[in-house]
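For the record, the sequence lines run as chains A and B. Numbering follows the working numbering, with no gaps: position 109 of the first sequence is 109. Numbering follows the working numbering, with no gaps: position 117 of the second sequence is 117.
Hints in this document: simulated from the structure, not taken from any laboratory. Treat the hints with care, as some may be off.
Unchecked claim - On the chain A side, residues computed to face chain B include the following (Cβ under 8 Å):
| no. | residue |
| --- | --- |
| 1 | Phe14 |
| 2 | Val22 |
| 3 | Leu52 |
| 4 | Ala53 |
As the list claims (entries may be wrong) - With a Cα cut of at most 27 Å, we get these calculated BS3-like pairs of lysine-lysine:
| no. | chain 1 | residue 1 | chain 2 | residue 2 |
| --- | --- | --- | --- | --- |
| 5 | B | Lys158 | B | Lys193 |
| 6 | B | Lys20 | A | Lys23 |
| 7 | A | Lys39 | B | Lys89 |
Stated by the list, open to error - Chain A is faced by these chain B residues, among others (derived, beta-carbon under 10 Å):
| no. | residue |
| --- | --- |
| 8 | Lys20 |
| 9 | Leu47 |
| 10 | Val61 |
| 11 | Arg64 |
| 12 | Phe84 |
| 13 | Asp135 |
| 14 | Leu149 |
| 15 | Ile151 |
| 16 | Ile180 |
| 17 | Leu260 |
| 18 | His269 |
Note that the coordinates shown come from a computational prediction; the quantities given were computed from them, not determined experimentally. Backbone N, C-alpha and C define an ideal beta-carbon position, used for all residues, glycine too.
What follows is the residue order along each chain.
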Amino acid sequence: MNLNATLLVQALSFAFLIWFCVKFIWPPLTNAIEERNRKIADGLAEAEKGKLALAEGEKQKAAMLKDARDAAGEIKSANEKQALKLIDDAKAQAKVEAERIITAAHAQIAQEQQKAREQLREHVAALAVAGAEKILKKEIDAKAHGEMLNQLKAQL
Amino acid sequence: MASGYSSPSEYISHHLTNLKVTVGEGGFWTVNIDTIVMSWILGVVGLGAFWLVARTATSGVPGRMQSFIEMMVEFVDNTVKDVFPGDRKFLAPLALTIFVWVFMFNFMDLLPIDWVATITGAVGLHNWKAVPSTDLSATFAMSFTVFFLTIFFSFKAKGAGGFIHELFTAPFGAHPALWIPNLLLNIIELLAKPISLGMRLFGNMYAGELVFMLLGLMGMIASFSIGGMVAGVAAGALTWAWAVFHILIIVLQAFIFMVLSAVYIAMAHEHH
Numbered sequence: 001m002n003l004n005a006t007l008l009v010q011a012l013s014f015a016f017l018i019w020f021c022v023k024f025i026w027p028p029l030t031n032a033i034e035e036r037n038r039k040i041a042d043g044l045a046e047a048e049k050g051k052l053a054l055a056e057g058e059k060q061k062a063a064m065l066k067d068a069r070d071a072a073g074e075i076k077s078a079n080e081k082q083a084l085k086l087i088d089d090a091k092a093q094a095k096v097e098a099e100r101i102i103t104a105a106h107a108q109i110a111q112e113q114q115k116a117r118e119q120l121r122e123h124v125a126a127l128a129v130a131g132a133e134k135i136l137k138k139e140i141d142a143k144a145h146g147e148m149l150n151q152l153k154a155q156l
Numbered sequence: 001m002a003s004g005y006s007s008p009s010e011y012i013s014h015h016l017t018n019l020k021v022t023v024g025e026g027g028f029w030t031v032n033i034d035t036i037v038m039s040w041i042l043g044v045v046g047l048g049a050f051w052l053v054a055r056t057a058t059s060g061v062p063g064r065m066q067s068f069i070e071m072m073v074e075f076v077d078n079t080v081k082d083v084f085p086g087d088r089k090f091l092a093p094l095a096l097t098i099f100v101w102v103f104m105f106n107f108m109d110l111l112p113i114d115w116v117a118t119i120t121g122a123v124g125l126h127n128w129k130a131v132p133s134t135d136l137s138a139t140f141a142m143s144f145t146v147f148f149l150t151i152f153f154s155f156k157a158k159g160a161g162g163f164i165h166e167l168f169t170a171p172f173g174a175h176p177a178l179w180i181p182n183l184l185l186n187i188i189e190l191l192a193k194p195i196s197l198g199m200r201l202f203g204n205m206y207a208g209e210l211v212f213m214l215l216g217l218m219g220m221i222a223s224f225s226i227g228g229m230v231a232g233v234a235a236g237a238l239t240w241a242w243a244v245f246h247i248l249i250i251v252l253q254a255f256i257f258m259v260l261s262a263v264y265i266a267m268a269h270e271h272h
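For reference, chain A alone in the conformation it holds in the complex (with noise of 0.2 Å):
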């Protein structure tokens, strides 16, 4: 167990092993180690992001929807005033007619009514006459007496 040249060569080993493991072994794994961590953070970091500009559009999605549901409740209100408008002037309209069509009637009625006066008129004028005529027979000319007739036929 003494001391001797093993001593040397097993320095020598030594001095290897350590110039082998600075040289091929350390750097290849720290810098596996140091890469995988580095892309670990920007990974957290992109997932960071990525959650923020998932809450971002999603705010926009809500502020959209909000949007669209006012412009929604717009139209639906003008249309129903619109309807209500047209019902409105539909109504208007059909008044409208409706006394045009009444007056029209009425004018009718007047004109029918004043021609069957007429028509009476004629009748109890041509009743008077026949009346008459058959009362006095032959006294009465038609012509001498028409102008009696005609001024009768006006009182009437």
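The hints should help you fit chain B onto chain A, whose structure is shown.
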């Protein structure tokens, strides 16, 4: 398994002796071929696993193997970060190398010693010690490498002048009469670090190995008598318990070696 030894002392010394090859005139110029071969194999297996993953490392979703390797890397990186706030491009992989290599050394301690001895003996390699961290040369090789790195980083951080200035003026003061005491204390402090570092790992692993051997000896007296059966069962149970305890020890010792190395090198960057 443990038969073939004429005495307990032969069993112990067989398991505690390194397979030596003498280079040149011997003495110091001897190498423990088992320690070197085992540490090379363990280094290739341990760091090779890291290298294979590092080659195909992806920054996307990691597989199970990559996750495990990255867990180790981050564990070492955080440990080093705690003791050294500066640039870790060198210190952290150094710590990882130490942790993996020492852990692999110590892990061999969990291999049943008699199996290792039987297998290596069968291929003609007697005295094969499978645990490099029970060889003082291996632990001192690491701790003194760390020591030289400490000196190197001291020079780098403070400059040669600053380092020598500190040797003579810290910790007592800059008075010329205190130069010699300062220097002596600094030399002791500098040398105490690598010696304690190497000794701690070696001592823990060597003692652990020794306990396994004593329990193995206890197993050797197992027989079909009552006492022999008690001894056999006790040896088996205690070996199991000691192995479980050692799972903690081997990780802990690797961790301590790593942290102290990082602390020593981090201290080299500090100014007094």
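Hints versus structure:
no., hint, verdict
1, Phe14, "holds, 5 Å"
2, Val22, "holds, 4 Å"
3, Leu52, "violated, 27 Å"
4, Ala53, "violated, 26 Å"
5, B:Lys158 to B:Lys193, "holds, 20 Å"
6, B:Lys20 to A:Lys23, "violated, 33 Å"
7, A:Lys39 to B:Lys89, "holds, 22 Å"
8, Lys20, "holds, 8 Å"
9, Leu47, "holds, 6 Å"
10, Val61, "holds, 9 Å"
11, Arg64, "violated, 15 Å"
12, Phe84, "violated, 15 Å"
13, Asp135, "holds, 7 Å"
14, Leu149, "holds, 9 Å"
15, Ile151, "violated, 14 Å"
16, Ile180, "violated, 29 Å"
17, Leu260, "violated, 15 Å"
18, His269, "violated, 17 Å"
The structure does not agree with the numbered hints 3, 4, 6, 11, 12, 15, 16, 17, 18 stated previously, though it agrees with the rest.
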